[in-house]
Amino acid sequence: MIYIIDHNDSFTHNVVHQFSLFDEVECDNYNEINKTKLQKAKVLVFSPGPGNPKDYPKTSQIYKKFKGKKKMIGICLGFQQILFCEGAKIIEQKKIYHGFQSDIKVVNDRSLFKKGKIFKVGRYHSLKLKEPFKINNFDITMRCLKSKVAMSFENNKEKIYGFQFHPESFLTINGHLLIKKILSA
Amino acid sequence: MSKKDQLSDIHNSGKSYIIYKSQKGFDLYTNFSKKIILNNNNIGSFLSKENKNIPGNTNLYIGFFGYEILNNLIGIKIPKQKSIKFPKGIFYKPEKKISLSNNLKYENKDKHKNSTFKININKNSYTKVFKKFKKKIKSGDTYQIKICTKYKTKSMIDPLSFFSKLSKINLAPEAFMIRDKNYSIISCSPENLITKKGTNIFTKPIAGTVKKTKSLNKIKALKYFRKNIKETKEHNMIVDMERNDLSRICKPGSVKLSKQKTVEEYKDLFHYVSLIKGKLKKNVQNIDIIKAMMPGGSVIGCPKINTLRLLNKQEKENRNIYTGSFGYIKFNGDMRFNIIIRSILNFKNVSEISVASGVVVDSNAQHEFNENYIKAKALIDLFK
Numbered sequence: 001m002i003y004i005i006d007h008n009d010s011f012t013h014n015v016v017h018q019f020s021l022f023d024e025v026e027c028d029n030y031n032e033i034n035k036t037k038l039q040k041a042k043v044l045v046f047s048p049g050p051g052n053p054k055d056y057p058k059t060s061q062i063y064k065k066f067k068g069k070k071k072m073i074g075i076c077l078g079f080q081q082i083l084f085c086e087g088a089k090i091i092e093q094k095k096i097y098h099g100f101q102s103d104i105k106v107v108n109d110r111s112l113f114k115k116g117k118i119f120k121v122g123r124y125h126s127l128k129l130k131e132p133f134k135i136n137n138f139d140i141t142m143r144c145l146k147s148k149v150a151m152s153f154e155n156n157k158e159k160i161y162g163f164q165f166h167p168e169s170f171l172t173i174n175g176h177l178l179i180k181k182i183l184s185a
Numbered sequence: 001m002s003k004k005d006q007l008s009d010i011h012n013s014g015k016s017y018i019i020y021k022s023q024k025g026f027d028l029y030t031n032f033s034k035k036i037i038l039n040n041n042n043i044g045s046f047l048s049k050e051n052k053n054i055p056g057n058t059n060l061y062i063g064f065f066g067y068e069i070l071n072n073l074i075g076i077k078i079p080k081q082k083s084i085k086f087p088k089g090i091f092y093k094p095e096k097k098i099s100l101s102n103n104l105k106y107e108n109k110d111k112h113k114n115s116t117f118k119i120n121i122n123k124n125s126y127t128k129v130f131k132k133f134k135k136k137i138k139s140g141d142t143y144q145i146k147i148c149t150k151y152k153t154k155s156m157i158d159p160l161s162f163f164s165k166l167s168k169i170n171l172a173p174e175a176f177m178i179r180d181k182n183y184s185i186i187s188c189s190p191e192n193l194i195t196k197k198g199t200n201i202f203t204k205p206i207a208g209t210v211k212k213t214k215s216l217n218k219i220k221a222l223k224y225f226r227k228n229i230k231e232t233k234e235h236n237m238i239v240d241m242e243r244n245d246l247s248r249i250c251k252p253g254s255v256k257l258s259k260q261k262t263v264e265e266y267k268d269l270f271h272y273v274s275l276i277k278g279k280l281k282k283n284v285q286n287i288d289i290i291k292a293m294m295p296g297g298s299v300i301g302c303p304k305i306n307t308l309r310l311l312n313k314q315e316k317e318n319r320n321i322y323t324g325s326f327g328y329i330k331f332n333g334d335m336r337f338n339i340i341i342r343s344i345l346n347f348k349n350v351s352e353i354s355v356a357s358g359v360v361v362d363s364n365a366q367h368e369f370n371e372n373y374i375k376a377k378a379l380i381d382l383f384k
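Here the protein sequences line up with chains A and B, keeping their order. Under the working numbering, the letters of the first sequence match residues 1 to 185, in that order. Under the working numbering, the letters of the second sequence match residues 1 to 384, in that order.
Hints should not be assumed to be uniformly reliable.
Looking from chain B toward chain A, a few residues come up when the C-beta cut is under 10 angstroms (computed) [stated by the list, open to error]:
1. K136
2. N228
3. I229
4. H235
5. Y266
When the alpha-carbon atoms are kept at most 16 angstroms apart in a straight line, the in silico EDC-like pairs for lysine to aspartate or glutamate are as follows [stated by the list, open to error]:
6. B:K348 / B:D180
7. B:K136 / B:D362
8. A:K130 / A:E92
9. A:K95 / B:E317
10. B:K97 / B:D158
11. B:K251 / A:E26
12. B:K136 / A:D139
13. B:K138 / A:D139
14. B:K181 / B:D158
15. B:K134 / A:E92
16. B:K211 / B:D334
17. B:K251 / A:E32
18. A:K94 / B:D362
19. A:K54 / B:D141
20. A:K42 / A:D23
21. B:K135 / A:E92
22. B:K82 / B:E371
23. A:K42 / A:D139
24. A:K58 / A:E32
25. B:K136 / A:D55
26. B:K165 / B:E371
27. B:K214 / B:E265
28. B:K251 / A:E92
29. A:K105 / A:D139
30. B:K152 / B:D362
31. A:K180 / A:D23
32. B:K197 / B:D381
33. A:K134 / A:D103
Quick look at which bits of chain A chain B covers, simulated, 3 or more residues with Cβ under 8 angstroms [as the list claims (entries may be wrong)]:
34. 10-19
35. 49-63
36. 91-105
37. 122-128
It should be emphasised that the hints constitute simulated quantities derived from the structure, not laboratory data. Positions of the beta carbon are idealized from the N, C-alpha and C atoms, including for glycine.
Produce the entire structure from the sequences given, and follow the hints as far as they go.
Structure, rendered in structure tokens:
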């Protein structure tokens with residue numbers, strides 16, 4: 001079972017439908033987490049959402065508790081949330097991408113995806129990862145072709161993954177394939 | 001008796017009635033046997049009421065949900081605001097339905113004086129609010145937010161005269177009119193929020209409007225929208241948000257974007273429209289559908305919950321009907337609802353017109369303030 005933690009977003013249920021293609025999915029608001037589901041879940045997904053990772057201490061607790069024990073995936077805010085828990089700084093960016101389709105490129109050969117491959121993806125983020133960023137086992141694996149902003153990380157050792165873009169958006173081409181690969185990793 | 005006389009007769013009789021745009025023309029509903037004034041206590045039972053499904057074209061409730069009650073329904077309280085104490089929602093059970101053509105002929109006996117409208121926020125205050133929300137976008141608290149402004153005037157109006165004039169200028173697909181004893185609503189809403197037939201549901205968000213001119217045809221309008229990055233981004237956001245809202249109540253994998261960013265042509269306007277369809281999950285009730293879809297995202301902003309909270313903190317005056325929904329619930333469970341925009345509410349001899357335009361990261365306060373006025377002007381001109 002995949003447990004999706006919703007941060008009051010208007011895109012979370014697109015994420016739910018996307019993951020439902022691959023496994024049974026449960027979804028609750030971050031304020032109403034069900035402990036049984038949390039224990040039972042094989043995969044935890046941190047949804048997109050408004051605001052800043054520091055607004056969601058409960059989600060940070062969950063991440064820290066299950067790091068290395070369960071596969072975890074963060075999308076948009078969820079991506080930032082995981083990095084924030086790992087000590088990274090999340091900052092405002094000059095140019096903001098809301099409802100924007102961008103080309104992004106796989107830049108790391110430790111990625112599950114082929115280095116050099118380009119994806120068309122949908123973006124809805126005000127904030128970004130502050131770089132340089134270096135944490136053990138975490139690799140930035142995709143970047144925006146134009147701005148070079150970090151678009152995904154992979155920690156294949158502890159099975160932790162994050163996308164700054166939205167694989168569930170209609171603006172993302174073949175988003176399902178990205179999720180499928182991460183889930184089967 | 002001809003249909004034209006029928007309309008005038010019903011109007012002149014002083015009876016309450018409702019007109020709603022149909023595919024071929026308009027439907028008129030009257031002879032109301034029940035009138036339900038909604039509040040937070042009775043809305044739940046109203047929406048979960050089982051009605052005997054007997055055939056007949058008046059086996060439905062028709063009416064509207066105001067903005068406030070739709071917030072309350074999803075657990076959002078609205079801080080104390082200036083209010084005219086207009087009901088939060090009203091539904092009627094009609095006993096008579098008449099089909100009318102698109103050409104609503106009505107002798108205009110309306111002799112109201114030329115009215116001047118007052119706006120409830122000036123350009124300076126609007127700019128301040130605008131800047132504040134832009135900061136909220138930069139910090140990620142909202143991605144798009146629609147600030148409401150209101151134009152008001154004191155006036156007695158003849159709603160049918162206004163509505164027939166309006167439908168000549170702009171035959172909007174979700175137009176409606178309500179004439180009751182103590183209030184009237186005239187609307188040329190273009191936007192369908194919910195069409196539910198059996199287990200099929202669809203929504204048809206509009207984001208992007210351009211006025212028709214001699215040189216601007218449908219193909220050029222599409223080019224205009226595609227080139228306009230701001231409109232495209234706003235539209236994309238609404239599409240993903242509406243997909244999300246449908247996904248709450250639809251079977252996984254059934255939510256499909258069946259028309260993506262197409263142009264629809266109306267008498268004087270082009271709209272940039274998408275159509276999203278889904279198949280309802282088993283055991284989903286109408287109240288679940290309403291809670292998932294309303295208030296309609298395209299007139300609020302995104303993400304919905306946080307943006308509603310920001311808006312409600314900011315807006316000093318009750319939105320009343322504006323960005324609520326009008327439509328009907330049939331006794332067999334089918335529904336059709338619009339989003340109430342481009343509307344005049346006349347209550348206690350005051351007419352109010354509300355408009356909103358979006359703050360996104362690259363919008364400009366001056367431009368949006370003027371845009372609001374252009375949106376209101378089509379309705380304000382009816383008072384001339």
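So, going through the hints one by one against the coordinates:
no. : hint            : in the structure
1   : K136            : 9 angstroms, holds
2   : N228            : 12 angstroms, violated
3   : I229            : 8 angstroms, holds
4   : H235            : 7 angstroms, holds
5   : Y266            : 25 angstroms, violated
6   : B:K348 / B:D180 : 12 angstroms, holds
7   : B:K136 / B:D362 : 13 angstroms, holds
8   : A:K130 / A:E92  : 9 angstroms, holds
9   : A:K95 / B:E317  : 34 angstroms, violated
10  : B:K97 / B:D158  : 22 angstroms, violated
11  : B:K251 / A:E26  : 14 angstroms, holds
12  : B:K136 / A:D139 : 30 angstroms, violated
13  : B:K138 / A:D139 : 27 angstroms, violated
14  : B:K181 / B:D158 : 12 angstroms, holds
15  : B:K134 / A:E92  : 13 angstroms, holds
16  : B:K211 / B:D334 : 34 angstroms, violated
17  : B:K251 / A:E32  : 23 angstroms, violated
18  : A:K94 / B:D362  : 12 angstroms, holds
19  : A:K54 / B:D141  : 12 angstroms, holds
20  : A:K42 / A:D23   : 10 angstroms, holds
21  : B:K135 / A:E92  : 10 angstroms, holds
22  : B:K82 / B:E371  : 25 angstroms, violated
23  : A:K42 / A:D139  : 23 angstroms, violated
24  : A:K58 / A:E32   : 10 angstroms, holds
25  : B:K136 / A:D55  : 14 angstroms, holds
26  : B:K165 / B:E371 : 23 angstroms, violated
27  : B:K214 / B:E265 : 13 angstroms, holds
28  : B:K251 / A:E92  : 37 angstroms, violated
29  : A:K105 / A:D139 : 14 angstroms, holds
30  : B:K152 / B:D362 : 30 angstroms, violated
31  : A:K180 / A:D23  : 10 angstroms, holds
32  : B:K197 / B:D381 : 37 angstroms, violated
33  : A:K134 / A:D103 : 24 angstroms, violated
34  : 10-19           : holds (count 7)
35  : 49-63           : holds (count 4)
36  : 91-105          : holds (count 6)
37  : 122-128         : holds (count 5)
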